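Chemist: Residue numbers (the numbering used here), protein chains in the order written: chain A, 1 to 350; chain B, 351 to 478.
Hints are not guaranteed to be accurate.
Below 25 Å or equal to it, Euclidean Cα-Cα: the simulated SDA-like pairs (lysine to any residue) are [said to hold, decoys possible]:
(1) Lys206/A <-> Gln241/A
(2) Lys366/B <-> Gln241/A
(3) Lys366/B <-> Asp236/A
(4) Lys51/A <-> Lys131/A
(5) Lys131/A <-> Leu87/A
(6) Lys267/A <-> Asp236/A
(7) Lys267/A <-> Lys188/A
(8) Lys94/A <-> Val365/B
(9) Lys104/A <-> Phe443/B
(10) Lys374/B <-> Asn66/A
(11) Lys374/B <-> Ile159/A
(12) Lys131/A <-> Glu113/A
(13) Lys206/A <-> Asp180/A
(14) Lys89/A <-> Phe443/B
(15) Lys366/B <-> Lys188/A
(16) Lys206/A <-> Thr452/B
(17) Lys162/A <-> Leu195/A
(18) Lys267/A <-> Gln314/A
(19) Lys374/B <-> Phe44/A
(20) Lys188/A <-> Val110/A
(21) Lys94/A <-> Lys465/B
(22) Lys453/B <-> Ala109/A
(23) Lys112/A <-> Lys353/B
(24) Lys71/A <-> Leu373/B
(25) Lys366/B <-> Glu101/A
(26) Lys89/A <-> Phe44/A
(27) Lys465/B <-> Phe65/A
(28) Lys290/A <-> Glu303/A
(29) Lys374/B <-> Val278/A
(30) Lys267/A <-> Gln287/A
(31) Lys366/B <-> Lys131/A
(32) Lys465/B <-> Phe408/B
(33) Lys51/A <-> Phe443/B
(34) Lys353/B <-> Lys306/A
It should be emphasised that the hints constitute simulated quantities derived from the structure, not laboratory data. Note that the structure is predicted; figures quoted are calculated from it, not measured.
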Amino acid sequence: MLTPPYIIDLPSLLEINLVMSLVFFILAISLISLILYLRVHKNFRNQRKDKLEVLLIDFINNYLFNEDFDKPNEINRFIKNQLKTTLDKKVATKQLLVYAENLKGESSAVIKEIFYGFGLYNFLIQDLTQKEWYRQARALNVAYQLDMDIPMDLVDSFINAKNKEVRQQAFLYLIHRSTDNPLGFLDKVTTPLTLWEQIHIENGLKTYEGVPPDFSRWLYHKLTSVVVFNLKMIADYNQYQHIPILLKFLNHKDLEIRLQTIISLRKMEAPEMIPILVENFSKENPQIKKEILITLGEIGLEEQLKSVAPFILQEELDLRVSYLKIARHLNPGGAKEEIDDFKKITMLQA
Amino acid sequence: MKKKILVIEDNPMVVKSLEFKLLKEGYDVVTAIDGRSAMEQLENNHFDLILTDLMLPFVSGNQLIEYIKKNHPNIPIIVLSTATQEDIITNAFTMGVDDFITKPFSPNELALRVKRSIGSFKNQLSDN
């Protein structure tokens with residue numbers, strides 16, 4: 001191709017300038033085209049979603065409430081005409097979830113029937129076997145919401161998933177689907193439970209309809225987080241029969257476990273713990289010392305509180321303040337006297 | 351003559367399902383997606399029953415119930431809500447609602463409760 005003479009004649013600096021301008025112009029046009037394409041594509045998707053949602057609501061209502069509705073033929077017709085793409089299947093799944101969330105009784109079974117009828121179960125299993133975490137999490141959530149059976153080996157593989165969302169959804173599914181052992185999956189947990197995951201499990205248990213599990217079963221789990229979680233649950237579910245085991249845990253080598261044990265025993269108002277706490281006080285770190293002080297304030301005696309005062313160090317200012325507050329709580333009339341006592345006991349002269 | 355029901359609900363799926371079910375049961379159904387349009391409907395039509403959510407845009411369910419009790423005291427009200435807290439339910443009954451249905455709900459059960467409320471003595475009074 002021949003280059004026009006007026007370009008050849010240009011100085012090299014201008015030539016570079018011209019080429020760069022051209023490159024940036026093409027880049028700008030490409031970017032604008034891409035944005036426009038994405039925008040138009042999104043609009044088309046949204047239009048399709050809106051249209052399909054209306055059709056789905058109409059179809060599901062007919063399926064649910066219209067006795068003259070030719071279910072087998074209509075479902076086939078709907079699949080053939082409306083459920084062609086992945087987007088269509090996603091929209092259908094979402095819409096069925098909205099129905100499942102709002103309706104119960106005989107309608108729940110019908111919603112599941114439509115889900116199977118649309119062939120969405122295969123779509124769900126497909127998602128579970130994909131690598132993308134959001135597809136796995138979504139599929140688990142759908143199975144949980146619609147109360148669906150899915151292969152347990154697939155769910156088990158998510159118990160220690162790296163992605164937190166997938167793991168949480170797997171936990172919820174397992175709790176929800178269990179008939180007699182909602183926390184059975186804890187036996188297979190090999191990576192620590194995050195606080196957020198513990199909250200999810202706790203919430204999942206609140207809606208569990210069966211008998212609450214015996215949480216002491218996991219008190220000797222190799223993961224501290226699992227033990228701490230179960231210690232907390234023992235108190236929350238008032239499993240007083242486990243107090244003797246918890247008393248042993250007051251001398252556990254793990255600080256987190258000792259801390260949660262004190263909190264749980266305090267919640268269960270177990271006075272048997274007090275002598276052990278008083279004895280351990282001097283060896284404990286400030287965080288546990290504070291929990292001991294709170295415990296003494298709630299279920300202890302003034303004398304027991306005074307007995308730990310000599311072991312509050314001068315630099316533990318927060319503990320000193322807590323001590324005095326608790327002392328005042330135990331003996332409301334003797335605030336001034338308590339301060340003087342404390343100074344004497346701890347040898348902390350002002 | 352068909353009994354007329356006003357359904358006040360902002361979830362399109364629930365509105366459509368209720369409308370479909372109640373039409374099938376032989377009622378006339380008018381829908382409103384918020385408290386404000388419900389008030390307009392109440393001014394222009396006579397209703398035999400009101401089925402309302404508590405969480406509504408613009409005018410809350412409680413404000414709407416107060417308004418209905420003040421201006422149309424004989425229309426039975428059924429609340430359809432996700433709220434399960436005892437105080438919310440008690441409060442609704444104190445305000446004078448006739449029934450409280452929690453979501454998720456059974457459409458057949460709802461239809462039966464609608465039938466019972468429409469046939470209630472209070473509603474007979476409003477006919478007179």
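Chemist: If you test the structure against every hint from before, which numbers come out violated?
Modeler: 2, 3, 4, 7, 11, 12, 14, 15, 18, 19, 20, 21, 23, 29, 31, 32, 33, 34
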